[in-house]
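*Asks:* Whenever a hint applies, use it, and build me the whole structure from the sequences.
The chain contents come next:
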Amino acid sequence: MRGARAVGIALILGLGAACGHPRLEPPPAAAEAETRDARLAAGIERALFDAGVASWSRIRVSANAATGRVELRGEVADADERDRVESLVAARPGVRELRTELRVAP
Amino acid sequence: MTGKRPPRRPARKAAKAAPRPRRHRWVLVLGGLLLLWPLGRIAIRIAAEREIERALGFDASVGAVDLEEGGARVAVHDVRLRHPARYGPFVAADRIEVPFSRPVWRDGGGTIGEVRIEGLAITLFPGDLEGLRRDGGGPTSPDGGPSPGSPSPAPSDETPPPSRGPSAILVERARVTLVMPREDGPALRLEARDLSLRLAPDGRGGWTIARGAGSFLGGKLVLDGFRRSDASWALQARLADARLEVHEAAAALGASGRLNGALRLASGGAGPTGAGWLDLDRGEVWELPVLSDVAAAAGLALGGGELVRRARAEFHLEHGRLRVEELHLRGTPLSLWGRGEAGLDGRDLDLRFVPRLVEGLTGDLPLVGEPTQLLLDLVGGGALEIRLRGRLDDPRVETAPLPFLSDPVRDFLGGEDDR
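Protein chains in written order, with our numbering: chain A, 1 to 106; chain B, 1 to 419.
A few of these clues could be false.
[Stated by the list, open to error] Think about it this way: if two alpha-carbon atoms lie no more than 20 Å apart in a straight line, the pair counts; the simulated EDC-like pairs of lysine to aspartate or glutamate are: (1) B:K220 - B:D241; (2) B:K220 - A:D50; (3) B:K220 - B:E191; (4) B:K220 - B:E248; (5) B:K220 - A:E75; (6) B:K220 - B:E287.
Derived by calculation from the structure, the hints in this document are not laboratory data.
*Replies:* Okay, structure coming up:
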């Protein structure tokens, strides 16, 4: 019954995507690079929180520790907060290139 | 007297031979449909269960199946997935709604629109992900590619089938519970509630998580992440203004405080990699086992009077272990600064702390018997190291002179953390 098969496939896709799944193992060097990226990004998030940036949890930080490239996405309260966030992140050790796509919340 | 017997029941034969009125046919057709309709739904339900079990390696059960909009929208209720080796439901959903471009019985329903999953509940125990890896099953990629964890398919010249994945998946009112069994009491449950997020295909066979939001310990939880076609994944979570006292276990201990933090996880080699931090402010955490152990080792009779006012942890995950870069507990009368590592299950602990007594309290500390050397060193500002080994819920405490003073330790002993 093709209809039932379609329903089954859709359920599997939905639940599978919602649950996530472990992956095939990458090489150790890639895993270590992932850890360095995560530490740099987590340090930036913590610095924003420490500095009292109210919108810190609405800012998504992506970091590449090898290149020093950092991307910020998400929402900030106003233009002043955006400027402050950018200057705080740019001053972090390990950040060499900053790209921001921060929007001011409506 | 002979005579022909009249034919038996001529009226009945005649009635049989006569064509039935059309309305009788319709009654038969409708009766047949009424009988077949529930049978068809049962068949769909059973087939859906088998599809799920075959693909995921889970026992599946599906409740009612509603076909709406002429069969172009299928709503499945009470979906339960159960791992064969587990005793509780692993994944459940109140309702999954699947819209098709045409009725499901015509060419399999055509393309699939935005799937809506309501009331999704996921229960996780430590080690569940490792169990899934061993089972080897997994969801099919939205582009029809191989399932992660399964061997690569043999090369084929056949054209791959067109995509059957939904255009997006909307998850509403989801709940994720992490259950951590304890040997000396009821299991610790951490639950994220009212989660909503949208999973959208990234166009390259993977998925992105967008607009993820929910509640954890009364605070706001923000989620985003992705899962690529090569099965690599990443998940970021940020927690703002949670309250420790919302958790029943913390409330029972009289613990309170405002909690902020962030966690980033990604697929790694021997286990997930990632990093995060946690900050507890305005805290009142009494009788923290670590402080009790240190106090006891020093001969202090605090009687549960030790308090943590502020806690701060920075950590990362590497090679399946939690590595604590900095753990700072500011308390009364003891503060601790430390670092170390532990297994993700709380075993194989190796944490090293430098303790310091809060100034101004040293003259009023209740002692048990003669002051120990550790206490004298604490009071005198001596540099001591306390090492916790074993299990997190039952650590062994060892003390030793600190081999050298790093800058953070020097700042800590000098009272820099009190500012």
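*Asks:* Are the hints correct? Go through all of them and say.
*Replies:* We went through each hint and held it up to the structure:
Using a Cα cut-off of 20 Å, the hinted pair K220 (chain B) and D241 (chain B) holds, with the two alpha carbons roughly 7 Å apart. Between the alpha carbons of K220 (chain B) and D50 (chain A) the distance comes to roughly 18 Å, so the proposed pair stays at or under 20 Å and holds. Taking the CA atoms of K220 (chain B) and E191 (chain B), the gap is near 13 Å; set against the 20 Å cutoff, the hint holds. The straight-line distance between the Cα atoms of K220 (chain B) and E248 (chain B) is roughly 18 Å, inside the 20 Å bound, and the hint therefore holds.
A C-alpha spacing of about 15 Å is found between K220 (chain B) and E75 (chain A), which places the hinted pair at or below 20 Å, so the restraint holds. Proposed proximity of K220 (chain B) and E287 (chain B) is contradicted: the alpha carbons are some 28 Å apart, above 20 Å.
When each numbered hint is compared with the structure, a violation occurs for hint 6 only.
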